[in-house]
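> First to last, the protein sequences are chains A and B.
Read in order, the letters of the first sequence correspond to residues 1 to 359 in UniProt numbering.
Read in order, the letters of the second sequence correspond to residues 1 to 359 in UniProt numbering.
A portion of the hints provided could be inaccurate.
Over the 10 Å line for every Cβ pair with chain A, so calculated as not near, a few chain B residues [to be verified]:
#1 Glu-41
#2 Ser-44
#3 Pro-69
#4 Ala-108
#5 Pro-211
#6 Asn-212
#7 Lys-280
If you anchor each label on the Cβ, the simulated ranges turn out as follows [as the list claims (entries may be wrong)]:
#8 Asp-15/B - Gly-358/A: 44 to 52 Å
#9 Glu-356/B - Gly-219/A: 24 to 32 Å
#10 Glu-141/B - Tyr-274/A: 25 to 33 Å
Everything labelled a hint here was simulated from the structure, so no lab data went into it.
Ideal Cβ placement from N, Cα and C applies to all residues, glycine included.
2 protein chains.
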Amino acid sequence: MADTIIRFGIIGAADIARKVSRAIALAPNATLSAIGSRSLEKASKFASDNGFSPHVKIYGSYEAVLDDPEIDAVYVPLPTSLHLRWAVLAAEKKKHLLLEKPVALNVAEFDKILEACEANGVQFMDGTMWMHNPRTAKMKEFLSDADKFGQLKAVNSVFSFAADSDFLANDIRVKPDLDGLGALGDAGWYCIRSILFAANYELPKRVIALPNPVLNELGVILSCGCSLLWEDGKVATFHCSFLSNLTMDVTAIGTNGTLHLNDFIIPYVEKEAYFSTCSKSGFNDLVTGWQPLPSKHIVPTDLPQEAHMVREFSHLVKEIKLNGSKPEKKWPTITRKTQLVLDAVKASLDRGEPVELGQ
Amino acid sequence: MADTIIRFGIIGAADIARKVSRAIALAPNATLSAIGSRSLEKASKFASDNGFSPHVKIYGSYEAVLDDPEIDAVYVPLPTSLHLRWAVLAAEKKKHLLLEKPVALNVAEFDKILEACEANGVQFMDGTMWMHNPRTAKMKEFLSDADKFGQLKAVNSVFSFAADSDFLANDIRVKPDLDGLGALGDAGWYCIRSILFAANYELPKRVIALPNPVLNELGVILSCGCSLLWEDGKVATFHCSFLSNLTMDVTAIGTNGTLHLNDFIIPYVEKEAYFSTCSKSGFNDLVTGWQPLPSKHIVPTDLPQEAHMVREFSHLVKEIKLNGSKPEKKWPTITRKTQLVLDAVKASLDRGEPVELGQ
Numbered sequence: 001m002a003d004t005i006i007r008f009g010i011i012g013a014a015d016i017a018r019k020v021s022r023a024i025a026l027a028p029n030a031t032l033s034a035i036g037s038r039s040l041e042k043a044s045k046f047a048s049d050n051g052f053s054p055h056v057k058i059y060g061s062y063e064a065v066l067d068d069p070e071i072d073a074v075y076v077p078l079p080t081s082l083h084l085r086w087a088v089l090a091a092e093k094k095k096h097l098l099l100e101k102p103v104a105l106n107v108a109e110f111d112k113i114l115e116a117c118e119a120n121g122v123q124f125m126d127g128t129m130w131m132h133n134p135r136t137a138k139m140k141e142f143l144s145d146a147d148k149f150g151q152l153k154a155v156n157s158v159f160s161f162a163a164d165s166d167f168l169a170n171d172i173r174v175k176p177d178l179d180g181l182g183a184l185g186d187a188g189w190y191c192i193r194s195i196l197f198a199a200n201y202e203l204p205k206r207v208i209a210l211p212n213p214v215l216n217e218l219g220v221i222l223s224c225g226c227s228l229l230w231e232d233g234k235v236a237t238f239h240c241s242f243l244s245n246l247t248m249d250v251t252a253i254g255t256n257g258t259l260h261l262n263d264f265i266i267p268y269v270e271k272e273a274y275f276s277t278c279s280k281s282g283f284n285d286l287v288t289g290w291q292p293l294p295s296k297h298i299v300p301t302d303l304p305q306e307a308h309m310v311r312e313f314s315h316l317v318k319e320i321k322l323n324g325s326k327p328e329k330k331w332p333t334i335t336r337k338t339q340l341v342l343d344a345v346k347a348s349l350d351r352g353e354p355v356e357l358g359q
Numbered sequence: 001m002a003d004t005i006i007r008f009g010i011i012g013a014a015d016i017a018r019k020v021s022r023a024i025a026l027a028p029n030a031t032l033s034a035i036g037s038r039s040l041e042k043a044s045k046f047a048s049d050n051g052f053s054p055h056v057k058i059y060g061s062y063e064a065v066l067d068d069p070e071i072d073a074v075y076v077p078l079p080t081s082l083h084l085r086w087a088v089l090a091a092e093k094k095k096h097l098l099l100e101k102p103v104a105l106n107v108a109e110f111d112k113i114l115e116a117c118e119a120n121g122v123q124f125m126d127g128t129m130w131m132h133n134p135r136t137a138k139m140k141e142f143l144s145d146a147d148k149f150g151q152l153k154a155v156n157s158v159f160s161f162a163a164d165s166d167f168l169a170n171d172i173r174v175k176p177d178l179d180g181l182g183a184l185g186d187a188g189w190y191c192i193r194s195i196l197f198a199a200n201y202e203l204p205k206r207v208i209a210l211p212n213p214v215l216n217e218l219g220v221i222l223s224c225g226c227s228l229l230w231e232d233g234k235v236a237t238f239h240c241s242f243l244s245n246l247t248m249d250v251t252a253i254g255t256n257g258t259l260h261l262n263d264f265i266i267p268y269v270e271k272e273a274y275f276s277t278c279s280k281s282g283f284n285d286l287v288t289g290w291q292p293l294p295s296k297h298i299v300p301t302d303l304p305q306e307a308h309m310v311r312e313f314s315h316l317v318k319e320i321k322l323n324g325s326k327p328e329k330k331w332p333t334i335t336r337k338t339q340l341v342l343d344a345v346k347a348s349l350d351r352g353e354p355v356e357l358g359q
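Same shape as in the complex, but just chain A (with noise of 0.2 Å):
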């Protein structure tokens, strides 16, 4: 039987839409159906500028195309502000949804989100592409390797990137009202989910913000830094900003091994992506060299990760749509861990102190 195809729609022409309708069209198992903007004009410029097929419907507003009976998942990249009204919807409308990040504001409203999926039925999944790149998977193999990396002891994450002077006036992420959460909601998610990914979702017991982000003149994080703190003495910190040049790193240090990538968000390139791993590291005789010397891993990429997120996501859409299945609840449950930390660095910062993490 062949692979019954997912059709999406896309709810806002933001730039990262670009990105995503073209991995919706490389995935074998989907295919891009409708776009909606808030003006048809905008929705038409939109597709034409990305060489949309002919068949992708143009809507001009995002109830058409929830509205659209021939659409089973949606792709939302709204601005986080608007993501609990659009979400919400489109769960009650039986779409799928594939919603950008940060997926809220904060994790009550994401919770109404979740609620509203598990209500219809509905897949949830957050876009945090780098998560299905196959490199990941070889990482976690690396990482939950009892004798080559051992109990993890320390993570850093860095996601940093020198906004130009355009975004730093107008991009959604410096605006309040719409991504409110700044450079944390935006870079910091991703430092936050390697740290996650790191501690095999084991939440922190402890937040500690440095006291010192930048702030726009609105108000909005433009750098940030934090550390994590966990029952069992593993600690993490990162650093996210959109002040200075762009830096992806990802190093956990285990009572055995040592894992470094420094492109964990974006792969340097799109075919292979690297990581780099030290297990048992020592030094020569007279302490003047390594031994074992670090090895670099190379992980062909078949499909650009976001494209392998498309395929996993359309593949559980599948699943439920043709054999019954249930949600699978690992992606929100790796969401709604995401933002829960989120929040409270988030109120470390407001608050100037340690916060401890609820459930």
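Knowing the structure of chain A, use the given hints to seat chain B on it.
Using the frame of chain A, we list chain B on its own:
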């Protein structure tokens, strides 16, 4: 005129002295003239174990080395708690001083050592070898480049190694009466130095230690972490530990560039050392890959970094001895700043609160 050869004595048959005695042999302007230990037997064994030339004098006490008029300079690898006594005495005996790190238990002690050096006109240098690797000067060029690197925004440094059970039971670095600063004094010294190096030796305004150091049963630090904040918003974090796999990272992020290396203290191999840089990094049009890609720089190491250290130190000693130069203040100034920050981190750990840095 042939280069004057500086005659070294070593006081203390420490393990690290094996590497430094080889460096003295390799440096073209230095020679090993004497080794002194607490007993003649220990000194003789160290000399024969390390294949010392028969003309290296063997002494059964530290004093005998300091009293030998044919010794210009001493290398002191004794436990930190003995530094004050022996470094001051060495200076008083007009011996130039190459002192292992951490140089003292606190900056007040170190100031007494410095006063003795200044009063007696002897050169001071600490034993932080990586500072002298030719790679370090190349990294400084990059970090000083206003176009390629820009203004420093964030630094992360890690030095950890997995100490074995013998180390954790018996090494001087886990004994409160010997190297009482534990992992902070040993591994943390390097992290702090690398952060100051990246910050062009500008002292941070405040240090905030993570509130969960791991201590042994005698209260010695086995693992800890800290954040450092500067007046201008720069931030740095470090993690130092005896309890996880060997890791030696420095990441420095500027407005325009990023520097990475993972073997900053002891290069992977002795003959060359690498670092990676990115400048003005961005993405391709669809944000599916980086451009430009990072560059890897390989710096050949004509002499091991510790021999570079001995050569630089011996050069300064020769200038004093032959040309009546004043001791070079650059090295003790950097040392003192490192100790100042280390003291502040220790105070922050002890008090469980942020500590403002004085001068």
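> Honestly, which of those hints from before does the structure not fit?
5, 6 and 7
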